[in-house]
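Here's the letter readout for the chains.
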Amino acid sequence: MSVTVVLDGAGLHAWAQRVPPRDVLAVMEVLRRRGAGRVLVPSVVTVEALTGAARDAAVNQIIKQVDVDEDLPLTRTRAAAKLRRETAGSTVDAVVAEAAVRTRAAYLITSDPDDMAALLNRGGGHAHVVTV
Amino acid sequence: MEHALIDELSEALAAARRGATTKPVSVSLPAPLADAFRLLADHGLIDSVSVATTGALEEALQAVIVGLRLDAIYAEHPDARPTEQQVTQMTERARAALS
Chain A
1075 MSVTVVLDGA
1085 GLHAWAQRVP
1095 PRDVLAVMEV
1105 LRRRGAGRVL
1115 VPSVVTVEAL
1125 TGAARDAAVN
1135 QIIKQVDVDE
1145 DLPLTRTRAA
1155 AKLRRETAGS
1165 TVDAVVAEAA
1175 VRTRAAYLIT
1185 SDPDDMAALL
1195 NRGGGHAHVV
1205 TV
Chain B
40 MEHALIDELS
50 EALAAARRGA
60 TTKPVSVSLP
70 APLADAFRLL
80 ADHGLIDSVS
90 VATTGALEEA
100 LQAVIVGLRL
110 DAIYAEHPDA
120 RPTEQQVTQM
130 TERARAALS
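Residue numbers (our numbering), protein chains in the order written: chain A, 1075 to 1206; chain B, 40 to 138.
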């Protein structure tokens, strides 16, 4: 069975580091050993992850290696809005969580575990939240 | 060399995901597997054998790209490699999603 890993902005930065955090490496080892998977980044995440400056180089390099989902139709934004209701999650967080729920992601890598866990719970997602 | 290979594979994966042009290729599959996927397509459970195959190959290629990046990291920073226990724990933590 394949493994889907969803990254928010901090998760993207973490995977782009010269030496990513140990937990991120362990997640990616799981994907490698399964022999099939997706590293999924909703494109709106790049609004937070990129600055337009030269220091974006490492992140831009990783963006080429992951699945940047540029498709955000109204059905998905409605689903994200539903997750976000009565939580402290941001708009981008809600889009990331919706992607994790929809794709039945195994892992969600984020710097905001509490808000992401709340969003996932509202959507019935089972992704393990990895904090960076 | 490794980085060049990662770049080349990543570009191929990205192009495929963007909907690159297709070309016919001939592959040999176990006959029951080929028959099963034809059956799935006939019953509308998959769009087509080609689409299902493309998705599977994309996911396999993603795993290879991730593996090459991991190997490159470990080559420069051997101490970064997670232990078997850490990988096992990470697998267990996602058991609900993976099952």
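Calculated from the structure, these hints are not laboratory results.
Accuracy of the hints is not assured; some may be wrong.
[Claimed, not checked] Here chain A is said to cover these stretches of chain B; the calculated rule only asks that three of the stretch's residues, wherever they fall, bring their Cβ under 8 Å from a Cβ of chain A:
1. 42-51
2. 104-117
3. 120-133
C-beta atoms are modelled at their ideal positions from N, C-alpha and C, and glycine is treated no differently.
A quick look at each hint next to the structure:
no., hint, verdict
1, 42-51, "holds (count 4)"
2, 104-117, "holds (count 8)"
3, 120-133, "holds (count 9)"
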